[in-house]
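Here is how the chains run, residue by residue.
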Amino acid sequence: MMLLRLLSWPYLRRHLLRWMLTLAGIVLGVAVFVAMHTANRSIFKSFDETVDQIAGTTQLQVSAGEFGFEESILERVQAVREVGVAVPIIEATVETKIAGQGSILILGVDMTGDRGLRDYELQDADEAIIDDPLVFLAQPDSLMVTKEFAERNHLEVNSKISLVTLSGEKEFTVRGIMSSTGMAQAFGGNLAIMDIYAAQQILGRGLRFDRIDVRASDEFSVDQCQAAIKAALGPSFEVEPPSARGRHFESLLSSYSMAMTVTSLFALIVGMFIIYNSFAIAVTQRRSEIGILRALGATRGQVQQLFFLESLVAGSVGSVLGAFAGVAMAAGITQYMSTVLEQTAGFTQRVTELAVDPMLIATALAIGIVTSTFAAWIPARSAARVDPVHALQKGKYQVLSAGENRRRRWMAAAAFLISIVCLLLSSSKLLFYTGYVLMITAGLLLAPALTLLLSKALRPVLKRVLPAEGTLAADSLVQAPRRTSATVSALMLSLAMVVGFGGFAHSFLTSVSEWMDQALNPDFLVSASANLVTRAITFPAETASVIERVPGVRQVQLVRNARVPFRGIPVMIIAIETEKISQTVHRIPVAGDLEEMDRLTASGKGTIVSDSFASIHGVGIGDPIELPTPAGLLKLPIVGIVRDYSDMQGSLFIDRSVYTKWWNDTTANVARVYVNNGENVDAVRQRVIDAMAGHHRLLVLTNREVREWIMKLLDQWFALTYNQIAVAILVAVLGIVNTLTVSITDRRRELGVMQAVGGFRSQIRRTIWLEALSIGLIGLVLGIGLGAINLYYSLGMVKRDFGGLELDYIFPLAFVVFMVPTILTAAFLAAVGPAESAVRGTLVEALEYE
Amino acid sequence: MNSVVLMFALSSFLLQQDPRQIVEEAQRRAASQSQRYEGTLQVINAQKKITEKRWQYARIGSHGASKSILRFTAPAEVKGVALLVVNHPERASDQWMWTPNINRDRRIALQDRSSRFFATDFSFEDLEERDTNQFDYKLLGEETIDGAVCWKLQSTPKQSKVSQYSQSYVWIRKDNYVLMQIENYSKSELVRRARYSDLRNVQGIWTAHQVDMHDLKRDSHTILKTDKLQYNLPMKDEAFTLQALRRQQ
Chain A
1 MMLLRLLSWP
11 YLRRHLLRWM
21 LTLAGIVLGV
31 AVFVAMHTAN
41 RSIFKSFDET
51 VDQIAGTTQL
61 QVSAGEFGFE
71 ESILERVQAV
81 REVGVAVPII
91 EATVETKIAG
101 QGSILILGVD
111 MTGDRGLRDY
121 ELQDADEAII
131 DDPLVFLAQP
141 DSLMVTKEFA
151 ERNHLEVNSK
161 ISLVTLSGEK
171 EFTVRGIMSS
181 TGMAQAFGGN
191 LAIMDIYAAQ
201 QILGRGLRFD
211 RIDVRASDEF
221 SVDQCQAAIK
231 AALGPSFEVE
241 PPSARGRHFE
251 SLLSSYSMAM
261 TVTSLFALIV
271 GMFIIYNSFA
281 IAVTQRRSEI
291 GILRALGATR
301 GQVQQLFFLE
311 SLVAGSVGSV
321 LGAFAGVAMA
331 AGITQYMSTV
341 LEQTAGFTQR
351 VTELAVDPML
361 IATALAIGIV
371 TSTFAAWIPA
381 RSAARVDPVH
391 ALQKGKYQVL
401 SAGENRRRRW
411 MAAAAFLISI
421 VCLLLSSSKL
431 LFYTGYVLMI
441 TAGLLLAPAL
451 TLLLSKALRP
461 VLKRVLPAEG
471 TLAADSLVQA
481 PRRTSATVSA
491 LMLSLAMVVG
501 FGGFAHSFLT
511 SVSEWMDQAL
521 NPDFLVSASA
531 NLVTRAITFP
541 AETASVIERV
551 PGVRQVQLVR
561 NARVPFRGIP
571 VMIIAIETEK
581 ISQTVHRIPV
591 AGDLEEMDRL
601 TASGKGTIVS
611 DSFASIHGVG
621 IGDPIELPTP
631 AGLLKLPIVG
641 IVRDYSDMQG
651 SLFIDRSVYT
661 KWWNDTTANV
671 ARVYVNNGEN
681 VDAVRQRVID
691 AMAGHHRLLV
701 LTNREVREWI
711 MKLLDQWFAL
721 TYNQIAVAIL
731 VAVLGIVNTL
741 TVSITDRRRE
751 LGVMQAVGGF
761 RSQIRRTIWL
771 EALSIGLIGL
781 VLGIGLGAIN
791 LYYSLGMVKR
801 DFGGLELDYI
811 FPLAFVVFMV
821 PTILTAAFLA
831 AVGPAESAVR
841 GTLVEALEYE
Chain B
1001 MNSVVLMFAL
1011 SSFLLQQDPR
1021 QIVEEAQRRA
1031 ASQSQRYEGT
1041 LQVINAQKKI
1051 TEKRWQYARI
1061 GSHGASKSIL
1071 RFTAPAEVKG
1081 VALLVVNHPE
1091 RASDQWMWTP
1101 NINRDRRIAL
1111 QDRSSRFFAT
1121 DFSFEDLEER
1131 DTNQFDYKLL
1141 GEETIDGAVC
1151 WKLQSTPKQS
1161 KVSQYSQSYV
1171 WIRKDNYVLM
1181 QIENYSKSEL
1191 VRRARYSDLR
1201 NVQGIWTAHQ
1211 VDMHDLKRDS
1221 HTILKTDKLQ
1231 YNLPMKDEAF
1241 TLQALRRQQ
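Line by line, the protein sequences are chains A and B.
If you're matching positions, the first sequence starts at 1 in this note's numbering and goes up one per residue.
If you're matching positions, the second sequence starts at 1001 in this note's numbering and goes up one per residue.
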């Protein structure tokens, strides 16, 4: 501790800016980690809370996927002896027409029995009818809202609210206001209770319920009740506690969560290199000090401990600041992620407070501290080995010894070879990821040697561009490979991630675009919601007849899709009119014959699955699929695998006739409309809108609008990750600033001599700039090279763990070309401050510097 | 001869002391093949606010196996809402509710019977007819209600019957076997008290034209007044089905 106070503290004070830049690496890395995970946790927690608050005293929930089931199931459940209370539920979010309020969660309940499970704690009601469920039931426009919602929108009993329903915009009457406790807190207070049969009408549910909430009879346990209901209903129904919905939600978004974890950790890894670089420089600059300490009797252990303590302090301070910054950033990220999830997965959530997890903060702190101490380990060890005699010799310490170079090359070769072996055996996930890590490690081990090589290769080029300045810049890089290579490694790693992700995004967007060309080719789509992933509102099949009668319409294809549980994971079932689709859509087969798979599916003898579904669940042609339906367990063999991007968790295509038969539901989500050749599409579209005016409120979206909506969705999905990568690049660029700052400090006398013999300040500036641009360029070359390898592994990771997507390897050339001027500009900007610092101060001070 | 008279008198006396037979006699005297009336329901809450509804009531069949339809006629917000109750001697009744504005009927589930009947102090179970075989009875003595001497009996549901009440106390007038009061208990706590008044003889049947149900937990009252009461009118069984419920509006 005394050494820390006597030696470390004065050094830190002299080089405060550099230490701040060093800390910034850890702060940013920890901040991103904390922010992403806090946002993730807040959304999941909000979902769980909504589920719990709405559930009330519900112990079990009976469901059959998102399709729901017939009303007759309710009586079967109520007839089970172990059941105490069983009430039907419909749940959906609908759009309000209240400015700034967005959507509201509608809970359709049977008020005659629901009070056994939920307490509405009515605060107020109509003057004439107080707390009167009879009027509530008798008037289908009745709503109960929360006190919070009422106050926010200046509503009172008998106020009117407009909601967007299947029949268009309709007015509803507030007939009760719930106090702000329990259920009323769900969905951020944007919750309304409606009679279940009225809800069926406005949401197009027909004679179906979404689920049944159950409480066991007092004489039986919940487990007994669960077993009895399962026995009564069969395997087609899920009978789970309310908390299971939260697990389903999490499993649906697991690949997204994993992607967030990986990309947030990258920022930390890059920060680690900054720390390493700073400590390596510190050890180098303090060699004389260390030599003197050793000469006076300090042990190697004490010297090593000193640097460890410094890294511990730096890591602790950086981590704490990073944790605070992360929590501050989390709010904005949470809102953004909620919006993205609503638009991509159809889950609407209102996150009202951040779920800051002390364990997460502790983990982030630990990771930051461990990263910092780990990064300082090699420099600390190096400091401990300083020979007191050699410590006073200048110059030699910057050079990488031949032995050290050889060792690194051998280790890199070994890592590379093992990585290749792992690649050949990459059917094993463990070996695949081991190979990935080893390949990156090989790149990092080779970075110093390659940096030196490229620096030497750049020397003649720089000399030709600017003879004096270029030579000085190149010499600075060549003579200080340790300093340079650490920064280059950080930049290389960041760029490798950028190229890898950029390539994945480019490949994914290209694949999606091809898929849209082939599969999403109707002239327009008719939907009950502007958000095409919203499946809560459906329309009757008769709508197809109305549209087909419109002049100019060639064909209408109905689609019904929803998630059902398959092996514990919600998967997307898409019921299509297979025969019609096969004539108009040219799908990309991955396995099986297209004609044969269509024929079998159309006749109800099979199902076609997406390639991601097959990959995630490890199934292939001929494998049986069992799907729970209200009519029993539906068993179909897989007759084909196609490329499809309808859902991240994979999709299953069945014929609409099969869906209608097994789910006893004739409604649809979407109608795909084709126009006669030669017809004006816009004119036909308007005729369709006019034809449906008297029926249901449906949106008619042109093909272009749908594509734009999908691309916008994907951009939003990727935007968050792009931002994280930008943070990693920023951290790497900070490394350049750090390196240049040290370089200028080390060369202050040299730069002073330059000015003394007639060098201009502009020449010194140019020298620094060139040095920064060179670092940027070397980082780019190595980063793009490693990035090309990283892209291959990234695509492999996506296939294995992020949705099972099979994407083509497409090197993102345009993206890389864009990165070149971006990185070089960033490197140049990083050099501006240090360059000015180099020319500041008097000549005498510079020459006296030692 | 004297011993025969004595034995007859003694057996008659003993017969009158059998609680089940008291209840059965009360039911026998109130029995009719059909019944119709117009009712007014006033709900007075703890803050003394009064709400009023009106309905038409019709019943057919013997006690414990009857069917009845209750159709609201006022206020306008609830006009047309109807309830069909089909009683069974051996099990709990079946109940359905019809809502004309959404054109739907719904079954009132068995477990819902304890909930309040449309914001009144009656529960759905209170609307069911109690078959004597579903209960055990015990004679507790005599008390006076509104100046009339009554038998006080304890009624406990048998295991086979699902009820929200653990037991009830029933007061039956000794002179005309009219039900005067019922106190319903849930786990030894008094939860509801029904008081019958305004007795009138209609077609030879003594009937209370006012029932005051007091919910002690909520401290609210519901007063049901019967008007235009008629017994043994010709009614068709088909008029007491779910189809009829949906048809009549």
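In short, the hints are calculated from the structure, not lab data.
Incorrect hints may have been included.
Short derived list, chain B residues pointing at chain A, Cβ under 8 Å [claimed, not checked]:
1) Val1086
2) Ile1102
3) Ser1115
4) Glu1189
Pairwise CB distance ranges (calculated) [claimed, not checked]:
5) A:Arg152 to B:Asp1198: 23 to 29 Å
6) A:Asn723 to B:Lys1217: 56 to 62 Å
7) A:Pro235 to B:Arg1029: 53 to 59 Å
8) A:Lys160 to B:Ile1050: 55 to 61 Å
9) B:Lys1174 to A:Glu219: 21 to 27 Å
10) B:Pro1089 to A:Glu75: 47 to 53 Å
11) B:Asp1136 to A:Lys160: 32 to 38 Å
12) B:Val1202 to A:Thr666: 33 to 39 Å
Ideal placement from N, C-alpha and C gives every residue a C-beta, glycine not left out.
Right, here's what the structure says about each hint:
Interface restraint check for Val1086 of chain B: the shortest CB-CB distance to chain A comes to about 15 Å, outside 8 Å, so the restraint is violated. For the restraint placing Ile1102 of chain B at the interface with chain A, the shortest Cβ-Cβ distance is roughly 5 Å, inside the 8 Å limit, so the hint holds. Of the supplied interface hints, the one on Ser1115 of chain B holds, with its beta-carbon coming within about 6 Å of a beta-carbon of chain A, less than 8 Å. The closest approach between the C-beta of Glu1189 of chain B and any C-beta of chain A is roughly 17 Å, which is over the 8 Å cut-off, so the hint fails.
About 50 Å separates the C-beta atoms of Arg152 of chain A and Asp1198 of chain B, a value inconsistent with the hinted range of 23 to 29 Å. Separated by about 58 Å at the C-beta atoms, Asn723 of chain A and Lys1217 of chain B satisfy the suggested range of 56 to 62 Å. Checked against the hint of 53 to 59 Å, the C-beta distance between Pro235 of chain A and Arg1029 of chain B comes to roughly 56 Å, which is consistent with it. Taken as a hint, the range 55 to 61 Å is violated for the pair Lys160 of chain A and Ile1050 of chain B, whose Cβ atoms sit roughly 27 Å apart.
At about 40 Å, the CB distance of Lys1174 of chain B to Glu219 of chain A disagrees with the hint of 21 to 27 Å. Taken as a hint, the range 47 to 53 Å is violated for the pair Pro1089 of chain B and Glu75 of chain A, whose Cβ atoms sit roughly 22 Å apart. Look at Asp1136 of chain B against Lys160 of chain A: about 54 Å separates their beta carbons, and that is not inside 32 to 38 Å. Checked against the given bound of 33 to 39 Å, the beta carbons of Val1202 of chain B and Thr666 of chain A, roughly 54 Å apart, lie outside it.
In summary, the structure is inconsistent with hints 1, 4, 5, 8, 9, 10, 11 and 12 from the numbered list given earlier, while agreeing with the others.
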